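Spelled out from the first residue to the last, the chains are:
2 protein chains.
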Amino acid sequence: MPEYKAPIRDMKFVMQELLDCHSRYERLGFEDATPDMVDAILQAGAKIAEQEIAPLNQIGDEQGCKWDKGEVTTPDGFKEAYKLYVEGGWPTLSQKEEWGGQGMPASLHACVSEMLSAANHSFATYPGLSHGAMATLEEHGSQQLKEMILPKLVEGTWTGTMCLTEAHCGTDLGMLRTKAELNDDGSYNLSGSKIFISAGEHDMSENIVHIVIARIPGSPEGTKGISLFAVPKFNIDPGGNVIDRNTVECGSIEHKMGIKGSATCVINFDEAKGYLIGEINRGLNCMFTFMNEARLGVAGEGVAAADASFQGALAYARDRLQMRSLTGVKNPNGPADPIIVHPDVRRMLLTQKSIAEGGRALIYDLTLLVDEKLNGKDPAVLAQADAKLALLTPIAKAFLTEAGLEATSLGVQVYGGHGYISEWGMEQLMRDTKISCLYEGTTGIQALDLLARKVLGSKGALLKSFGEEVTSFIIANATKPQFTVLCTTLGGYFQKLEKITQEIGVKAMNNPDEIGAASVDYLMYAGYVTLGYYWLKMMVTAQKSIDSGTDEGDFYLAKIQTGQFYFDRVLPKAAGHAACIKSGGESMMAINEEHMLF
Amino acid sequence: MPEYKAPIRDMKFVMQELLDCHSRYERLGFEDATPDMVDAILQAGAKIAEQEIAPLNQIGDEQGCKWDKGEVTTPDGFKEAYKLYVEGGWPTLSQKEEWGGQGMPASLHACVSEMLSAANHSFATYPGLSHGAMATLEEHGSQQLKEMILPKLVEGTWTGTMCLTEAHCGTDLGMLRTKAELNDDGSYNLSGSKIFISAGEHDMSENIVHIVIARIPGSPEGTKGISLFAVPKFNIDPGGNVIDRNTVECGSIEHKMGIKGSATCVINFDEAKGYLIGEINRGLNCMFTFMNEARLGVAGEGVAAADASFQGALAYARDRLQMRSLTGVKNPNGPADPIIVHPDVRRMLLTQKSIAEGGRALIYDLTLLVDEKLNGKDPAVLAQADAKLALLTPIAKAFLTEAGLEATSLGVQVYGGHGYISEWGMEQLMRDTKISCLYEGTTGIQALDLLARKVLGSKGALLKSFGEEVTSFIIANATKPQFTVLCTTLGGYFQKLEKITQEIGVKAMNNPDEIGAASVDYLMYAGYVTLGYYWLKMMVTAQKSIDSGTDEGDFYLAKIQTGQFYFDRVLPKAAGHAACIKSGGESMMAINEEHMLF
Chain A
1 MPEYKAPIRD MKFVMQELLD CHSRYERLGF EDATPDMVDA ILQAGAKIAE QEIAPLNQIG
61 DEQGCKWDKG EVTTPDGFKE AYKLYVEGGW PTLSQKEEWG GQGMPASLHA CVSEMLSAAN
121 HSFATYPGLS HGAMATLEEH GSQQLKEMIL PKLVEGTWTG TMCLTEAHCG TDLGMLRTKA
181 ELNDDGSYNL SGSKIFISAG EHDMSENIVH IVIARIPGSP EGTKGISLFA VPKFNIDPGG
241 NVIDRNTVEC GSIEHKMGIK GSATCVINFD EAKGYLIGEI NRGLNCMFTF MNEARLGVAG
301 EGVAAADASF QGALAYARDR LQMRSLTGVK NPNGPADPII VHPDVRRMLL TQKSIAEGGR
361 ALIYDLTLLV DEKLNGKDPA VLAQADAKLA LLTPIAKAFL TEAGLEATSL GVQVYGGHGY
421 ISEWGMEQLM RDTKISCLYE GTTGIQALDL LARKVLGSKG ALLKSFGEEV TSFIIANATK
481 PQFTVLCTTL GGYFQKLEKI TQEIGVKAMN NPDEIGAASV DYLMYAGYVT LGYYWLKMMV
541 TAQKSIDSGT DEGDFYLAKI QTGQFYFDRV LPKAAGHAAC IKSGGESMMA INEEHMLF
Chain B
1 MPEYKAPIRD MKFVMQELLD CHSRYERLGF EDATPDMVDA ILQAGAKIAE QEIAPLNQIG
61 DEQGCKWDKG EVTTPDGFKE AYKLYVEGGW PTLSQKEEWG GQGMPASLHA CVSEMLSAAN
121 HSFATYPGLS HGAMATLEEH GSQQLKEMIL PKLVEGTWTG TMCLTEAHCG TDLGMLRTKA
181 ELNDDGSYNL SGSKIFISAG EHDMSENIVH IVIARIPGSP EGTKGISLFA VPKFNIDPGG
241 NVIDRNTVEC GSIEHKMGIK GSATCVINFD EAKGYLIGEI NRGLNCMFTF MNEARLGVAG
301 EGVAAADASF QGALAYARDR LQMRSLTGVK NPNGPADPII VHPDVRRMLL TQKSIAEGGR
361 ALIYDLTLLV DEKLNGKDPA VLAQADAKLA LLTPIAKAFL TEAGLEATSL GVQVYGGHGY
421 ISEWGMEQLM RDTKISCLYE GTTGIQALDL LARKVLGSKG ALLKSFGEEV TSFIIANATK
481 PQFTVLCTTL GGYFQKLEKI TQEIGVKAMN NPDEIGAASV DYLMYAGYVT LGYYWLKMMV
541 TAQKSIDSGT DEGDFYLAKI QTGQFYFDRV LPKAAGHAAC IKSGGESMMA INEEHMLF
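Protein chains in written order, with UniProt numbering: chain A, 1 to 598; chain B, 1 to 598.
Worth double-checking, as some hints may not be accurate.
As the list makes no split between identical chains, a pair holds if one copy fits it or if it spans any two.
As the list claims (entries may be wrong) - Quick list of in silico lysine to aspartate or glutamate cross-link-like pairs, DMTMM-like style, CA-CA up to 25 Å:
1) Lys66 - Glu423
2) Lys377 - Asp270
3) Lys12 - Glu181
4) Lys544 - Asp76
5) Lys224 - Glu71
6) Lys464 - Glu279
7) Lys459 - Asp554
8) Lys373 - Glu98
9) Lys544 - Glu586
10) Lys66 - Asp76
11) Lys388 - Glu166
12) Lys330 - Asp76
13) Lys480 - Asp319
14) Lys507 - Glu138
15) Lys224 - Asp337
16) Lys544 - Asp378
17) Lys459 - Asp337
18) Lys12 - Glu139
19) Lys496 - Glu166
20) Lys480 - Glu586
21) Lys179 - Asp337
22) Lys5 - Glu594
23) Lys454 - Asp244
24) Lys330 - Glu87
Bear in mind the hints are in silico, worked out from the structure with no lab data behind them.
Keep in mind the model is a prediction, meaning the values are calculated, not measured.
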């Protein structure tokens, strides 16, 4: 099993040096989020992730969760680790002080989340889902509901879930059948069955609050008749105390490809008591707030998986002796050279590394915008944050999870046949991270969101706005001799993105299927280019530190070298996607479905 | 679990219509391999694959193999299915009549192997390894050894293995430690430990013959001192009868990502009695014969996985109702349209389909060349077959397994979250097929074999020879208006391949690391182009049938449409690889390994 070390140095580079988080924190009123405090939090987060949670990763995979008569037992050690997590105050980190939180920035929570996910994807789903439930309640719940529920969720002694999917509807939530009937006391009785509920039932918390979408009888059909409810496993009195068991039951858990330590539950509601969140029939709008944040969280899983797999592969590549370097013996005292001397092994390692570090920069920038949205006052800045989040969230979610999956697959390849053997832990990373390409909206759904809703839906405004940011960065740096070529390259890719966008827009006016035909390749192209922008930003920042004198020259040089690798060997993959888009959708729509197989 | 149907119609299209197998069979002396006989064999193969072997696929994954004190128990039903397989005479299909075989072409065996692998990858490893052992013995074994061993192997009551890898050496076989000491009677005593031995121990056959590489004391170090041996689990008398247990033991089996029904064994030899195969110190040369054939077999696994996943995804896409088509309601009587109406779902399905069918054409062409090699007399034809096999085998192995992995990943995506759940069987296909990118030489090793040994090693001769074949095909068809554009496109890609090759060759003269830096992208580029060639050949063949009148117009039209999709949406991915190659290897070699992680 590869030993996970939280990449604190890189996290601080991105947060503090690249994104200048502290001046933003100051402006947003996070007085306590000082450099010393950020450092202390990252160190403490690393400690629990590395020492308590990472060691349970393989056990979780081997044992999985166990279901027995509605009760779910998590793998050995999960319960105890979660207790430590709560005792350490981690669930409270970025929650409001009003509900018992520490009032730290959401972006700082995202750093810790990345550590948890890299250490143990399965474990991280439990606090992850809680976080989503809290965000939804805080933004849309009534004061009374918040008082009932939030303090215990924030404390972490209760956990939360999000219940959307039903057996016959995943993407198409308008088809949902779970119904909610009004009681005399203003509460609702919910009946129906939800599937794929992560952390839906387990033995780690005293209560579980399900955030559930359902239809109130008489509401419109489709997505316009969906309302949102909080449905606790144990009923709660207005003071927030547990009373008795609600009629919510876990019917079974799924056997899955990976994240076996995460309980994926069928949750049955049988006239279960629930409380309306937000307005009637506005449930899907309330969910979207959560879903955007959750999608960023899943994007972070892609980064975490790439990083964990990179760390495992790097250690092996430096240790494993096999064949000699083509440019001469590098390890004359050994029977062969370590495989890290071989160019193709380096190609795999640096692909992993550049995805992990480039993705980290993208995600942290977006989580700082989430802080802006939650705490900012300046309408112009808020609008900008909104626009950038809207555009880049589906890119981050789908591109980084697909790239993360590829990175874990490369991690297996670096190990050769050993990568396929469970004890090394590399194949588990690949299995675990595949879920991130599926949940919270598949890659295909993210791509449609990006191209149809965000780019074409805004008539290009969102892309234009991001283009202005990229262009002004290019203009500011193109005159530096070291970066002239890279600025030109990046500018070229971005112009091509704009050109591709226009071409699809024209085609789509005649045939809307051209959007779906282009969407995933478009998202991947945009993803490579977006990461190129963040890489060039990092390279410029690193060069500044070198120029101004530093005793960490090796760190900054490696950053620049990795960025160069990204531009040389990862970014050009975008060319293949552009070429596919150019061909349009005709040949994928032409074939009759009856003739697909003979 | 998706229901597997052997693609007999497509197999016959490729073998008979595209590759004209019957006139080749006639020329090579396979009088019995008539169209009727081929048809009967494919039908019977489909029957056992679909009805007996496919139903064990999921059970195999759930139960895995069990090890107890050196004995391995295969999953429920495997033993019985293997008995049926032997009773049906399948192990004998392409073996020589001299040893009890049916004397059918190896290419026909490859069709049946594809069915087995698609039905149940794990199960297929047992006869697959036997086949390799037989081929090695037949080509390099002494008459006496063949008489001892081959009849029972051909019959299938014994099975075989290939024992190469040791814990410290996989790729770098020159480092092996297993030793073989000569006995007075001319046999050898083998001592050492081998790992990753597929089908190394199981309960399906009466004896297991291990083909083992080992070093005879006093032999040169490295690969020049390796000899090859047959080491039976049960000792055998000269008449081929089992005597007593040899000192060969299965020390443990591996827990793996997939192919859990296939026993991956540690095999310990403790002065075990073995028999030399071929000449002393020529073991690796003997192994290469086998390895080339085995690599083709593994390439077939990629095709099989893509096809099985395609079949599962297609069935689901036609059944699952979710969202409405953007071009108007297609299923007005249902609550939503089947997801096959959505362009991106079609993109995924057609990618799978075009990989499976394009890959099938490539592999069957190569297996027909194997028939040529084994049975042909004309030195010019033999040399041509050799050249083409040498060039295209690493491409087929690595490209089709990587593309097969991607196809199975797309199959999971088509199912959305359900794809991640074990009961649907889609995730198992992805886990099972990942091994094909690793064993018999990883993708990286195939890429080095292609670029360093085959292409540059032949000073471009092998590529030139294949280029002539492609060019003459283009010249013959470019004047047909329907194919002019596609011929030009293919010609352009091939010319670019030649140009890239020259550029790498020039760079490599200054720095041999440029070969490894380019190798995998080069192989992928070559793979996309090679499949483009086979697709265009299929399209031309299909058009001929349409032109000459056919009552299977739908089949041929779908073939042409799928080919057009390949040219539009799969082949252009090559552009990304070409762009990566162009950047060279400087940035991957620059970074100091000490600075990869801070």
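Hints and how they fare:
no.	hint	result
1	Lys66 - Glu423	both (22 Å within a copy, 17 Å between copies)
2	Lys377 - Asp270	neither (44 Å within a copy, 77 Å between copies)
3	Lys12 - Glu181	neither (50 Å within a copy, 60 Å between copies)
4	Lys544 - Asp76	neither (48 Å within a copy, 65 Å between copies)
5	Lys224 - Glu71	neither (35 Å within a copy, 62 Å between copies)
6	Lys464 - Glu279	neither (34 Å within a copy, 71 Å between copies)
7	Lys459 - Asp554	neither (45 Å within a copy, 41 Å between copies)
8	Lys373 - Glu98	within (19 Å within a copy, 80 Å between copies)
9	Lys544 - Glu586	between (49 Å within a copy, 23 Å between copies)
10	Lys66 - Asp76	both (11 Å within a copy, 24 Å between copies)
11	Lys388 - Glu166	neither (32 Å within a copy, 53 Å between copies)
12	Lys330 - Asp76	neither (44 Å within a copy, 50 Å between copies)
13	Lys480 - Asp319	neither (39 Å within a copy, 57 Å between copies)
14	Lys507 - Glu138	neither (43 Å within a copy, 60 Å between copies)
15	Lys224 - Asp337	between (64 Å within a copy, 19 Å between copies)
16	Lys544 - Asp378	neither (30 Å within a copy, 69 Å between copies)
17	Lys459 - Asp337	neither (55 Å within a copy, 28 Å between copies)
18	Lys12 - Glu139	neither (29 Å within a copy, 62 Å between copies)
19	Lys496 - Glu166	neither (40 Å within a copy, 50 Å between copies)
20	Lys480 - Glu586	between (45 Å within a copy, 22 Å between copies)
21	Lys179 - Asp337	between (65 Å within a copy, 23 Å between copies)
22	Lys5 - Glu594	between (52 Å within a copy, 16 Å between copies)
23	Lys454 - Asp244	neither (45 Å within a copy, 73 Å between copies)
24	Lys330 - Glu87	neither (49 Å within a copy, 55 Å between copies)
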